[in-house]
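Spelled out from the first residue to the last, the chains are:
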Amino acid sequence: MSDASLRLVWIYPDLLSTYGDQGNALVVERRARQRGLGVQRLDVRSDQPIPTSGDIYLIGGGEDRPQRLAAERLLRDGGLNRAVDNGAIVFSVCAGYQILGHEFVNDLGERSAGLGLLDVVSTRGEAERCVGDVLADMDENLRLPQLTGFENHQGVTHLGPSARPLARVRLGQGNGTGDGTEGAWNDTVFGTYMHGPVLARNPQIADLLIKLSLDVNALPPVDDRWYEALRQERIAAATQPV
Amino acid sequence: MAGNTEPLSARSRLAVTAGKAAAAVSRAAGRGSGSVIGGKVALRLDPDLLQRLAQHLDVVLVSATNGKTTTTRLIAEALRANGEVVSNALGANMPAGITSALAGGSSARYGVIEVDEKYLAGVARDVTPKAIALLNLSRDQLDRAAETRMLAEKWREGLSGQKAVIVANADDPLVVWAASSSPNVVWVAAGQEWKDDAWSCPACGGVMQRPGDDWFCGECGFRRPTPSWALAGEHVLDPHGSAWPIHLQLPGRANRANAATSAAVAAAFGVAPQTALERMYAVKAVAGRYDVVGYEGRELRLLLAKNPAGWLETFSLIDSPPAPVILSVNARGADGTDTSWLWDVDYGRLAGHPICVIGDRKLDLAVRLEVAGVHFEVCEDAQDAVRRCPPGRIEVIANYTAFQDLRRAVGN
Chain A
1 MSDASLRLVW IYPDLLSTYG DQGNALVVER RARQRGLGVQ RLDVRSDQPI
51 PTSGDIYLIG GGEDRPQRLA AERLLRDGGL NRAVDNGAIV FSVCAGYQIL
101 GHEFVNDLGE RSAGLGLLDV VSTRGEAERC VGDVLADMDE NLRLPQLTGF
151 ENHQGVTHLG PSARPLARVR LGQGNGTGDG TEGAWNDTVF GTYMHGPVLA
201 RNPQIADLLI KLSLDVNALP PVDDRWYEAL RQERIAAATQ PV
Chain B
1 MAGNTEPLSA RSRLAVTAGK AAAAVSRAAG RGSGSVIGGK VALRLDPDLL
51 QRLAQHLDVV LVSATNGKTT TTRLIAEALR ANGEVVSNAL GANMPAGITS
101 ALAGGSSARY GVIEVDEKYL AGVARDVTPK AIALLNLSRD QLDRAAETRM
151 LAEKWREGLS GQKAVIVANA DDPLVVWAAS SSPNVVWVAA GQEWKDDAWS
201 CPACGGVMQR PGDDWFCGEC GFRRPTPSWA LAGEHVLDPH GSAWPIHLQL
251 PGRANRANAA TSAAVAAAFG VAPQTALERM YAVKAVAGRY DVVGYEGREL
301 RLLLAKNPAG WLETFSLIDS PPAPVILSVN ARGADGTDTS WLWDVDYGRL
351 AGHPICVIGD RKLDLAVRLE VAGVHFEVCE DAQDAVRRCP PGRIEVIANY
401 TAFQDLRRAV GN
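Protein chains in written order, with UniProt numbering: chain A, 1 to 242; chain B, 1 to 412.
I should point out that these hints are in silico values taken from the structure, not numbers from a laboratory.
Check each hint, because a few of them may be wrong.
Stretch by stretch, here's where chain A covers chain B in the computed footprint (C-beta under 8 Å, at least three residues) [claimed, not checked]:
| id | region |
| --- | --- |
| 1 | 193-200 |
| 2 | 205-218 |
| 3 | 235-249 |
| 4 | 367-377 |
Bear in mind that the values here come from a model prediction, so they are computed numbers and not experimental data.
Here a beta-carbon is modelled for each residue, glycine too, at the ideal position from N, C-alpha and C.
My request is simple: use the sequences and hints to build the entire structure.
Now the structure itself:
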């Protein structure tokens with residue numbers, strides 16, 4: 001980490017930015033700056049190489065064909081895997097989450113290879129599309145408050161032995177496997193089905209990414225009034241549907 | 001072409017009458033205009049009614065993510081230069097609402113019809129239009145609507161073999177992809193500020209290159225067609241190179257683009273650009289949109305913005321700071337229940353304006369504005385927000401159901 005500056009890489013906004021995913025980059029950037037950190041944000045289009053020296057990589061959701069194209073281009077590029085080997089933190093959402101696994105089912109109904117950065121395999125669900133607000137308890141090892149988000153996916157993601165569930169759903173579907181798990185993580189790579197965007201609804205996860213990349217245990221507090229008000233409202237709405 | 005002399009069958013006439021009766025009952029019960037229920041009743045009695053009603057008209061269809069209600073009004077005004085027009089002017093844009101609107105205009109020469117994006121192919125098959133205007137396609141209500149690119153694909157399939165003149169925006173790659181399956185296209189350079197749904201080539205998936213106003217796929221050669229009409233500042237350029245001034249009461253670049261497209265459509269029916277554009281001046285507000293309403297000693301301009309592309313165009317037309325801005329967002333069924341799209345809107349552009357936020361999802365807006373680093377106040381409701389603003393004009397921007405709430409609250 002040079003001169004207390006955070007290198008934040010947003011992967012393929014041209015393909016994987018369909019559901020306000022830019023919000024995750026904006027929240028990390030804002031909260032890092034509020035702690036006095038410099039932030040270099042790099043938005044990398046799918047015809048550009050992925051830099052390998054980033055600190056935090058964000059990858060978002062997208063439609064089925066762009067997901068297949070993104071996976072092909074990331075595999076060909078190889079930069080994200082090298083960045084993870086260098087110790088980078090990766091946070092992925094929905095289509096991006098599936099891409100980080102071993103494989104997923106693409107728009108042609110075929111199995112596409114993923115990057116293998118998370119020990120998960122995704123398939124296309126037979127049930128109805130999972131759409132709606134989600135409330136879940138985060139993995140207790142992460143010591144974070146409840147996860148709130150909005151899901152909108154057809155995918156089903158199965159976790160292998162080296163991936164831990166990011167959370168256990170109280171309301172909603174999450175990974176869609178019927179076992180109540182939502183998302184996956186290992187020490188440096190995270191995946192979730194949550195939109196919202198998820199880091200705006202759960203700013204403590206944004207802080208976790210910053211802490212992991214800086215290798216620190218705590219960050220100075222910031223004014224979380226509006227985030228907290230939004231969280232309380234969404235949690236109440238999820239638990240007491242009108 | 002118009003004024004088909006073959007009368008409606010007894011069954012169709014009965015269906016029209018029954019539909020009008022149902023609409024009247026619905027109106028009497030205080031449930032809106034009744035056009036949708038009326039249309040549903042009529043279509044049940046005569047499933048081919050839409051087709052039959054349209055046989056008697058020269059039909060223009062208008063579809064898009066944004067601007068279809070306004071453009072429908074502009075085209076209707078222009079074509080009235082030549083004859084009577086029937087139109088679903090209030091935006092009931094699915095088959096039942098369209099049927100109901102057409103049933104109300106038995107002596108009309110033209111039918112100018114706004115069509116929901118998802119229904120375009122089907123309606124175009126039923127009504128044998130003479131012209132179809134396609135304005136733009138962008139992300140909108142992704143929790144319940146089809147993917148944007150899939151919508152373009154459906155348009156493309158539905159329009160291939162269409163005999164109608166397609167009047168289409170050359171500046172929107174998704175619209176160009178949809179329209180170019182048709183043999184008879186009039187391209188209009190109508191502009192499109194929002195670009196984030198078309199970075200990936202609709203034909204091959206390659207990365208789109210966008211130098212200046214041009215665009216092309218770096219891989220397959222799919223590219224911007226040469227337009228014959230264009231919006232150039234405050235003028236419309238026609239295919240002969242003449243520039244016609246646009247005089248609208250409606251504000252903003254997007255409405256000038258709608259006027260340019262409307263002029264191209266009108267020309268296809270023999271209405272000269274000058275006549276068409278002069279007639280468009282008569283349109284002041286469209287279903288409450290752009291209306292200026294006096295309330296609590298202030299002047300509120302009511303602006304509807306339903307999705308990121310719409311917000312972007314709206315930001316470009318509001319008064320500069322220190323004009324106060326009230327933002328209202330809901331996430332009910334008709335709005336889409338996922339508010340993630342707020343993060344695709346660059347609220348940093350509101351820096352310098354006093355901002356008040358209201359609506360069911362004002363806390364989502366609060367977090368969005370906090371992260372954008374702009375000052376704002378969270379208010380109880382429209383009255384509270386207006387009272388916190390100084391006297392003078394206030395720009396009020398709301399999404400779909402929030403806009404309806406607002407009109408009720410301020411007595412519009």
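Item checked: Proximity test - 8 Å, beta-carbon atoms, the region 367-377 of chain B to chain A, at least three hits -> Coverage by chain A holds here, the residue count being 6 at a Cβ distance below 8 Å.
Next item on the list: Confirm or reject the coverage of the region 235-249 of chain B by chain A under the rule of 3 or more residues with a beta carbon closer than 8 Å to the chain's beta carbons.
Entry: The restraint on the region 235-249 of chain B is violated, since only 0 of its residues have a Cβ under 8 Å from chain A and three are required.
Checklist line | Within 8 Å of chain A (C-beta), three or more residues of the region 205-218 of chain B | finding: holds (count 4)
Check: Within the region 193-200 of chain B, is the number of residues with a Cβ closer than 8 Å to a Cβ of chain A three or more?
Finding: The restraint on the region 193-200 of chain B holds, since 3 of its residues have a Cβ under 8 Å from chain A and three suffice.
Checked against the numbered hints listed earlier, the structure breaks hint 3 alone; every other hint is satisfied.
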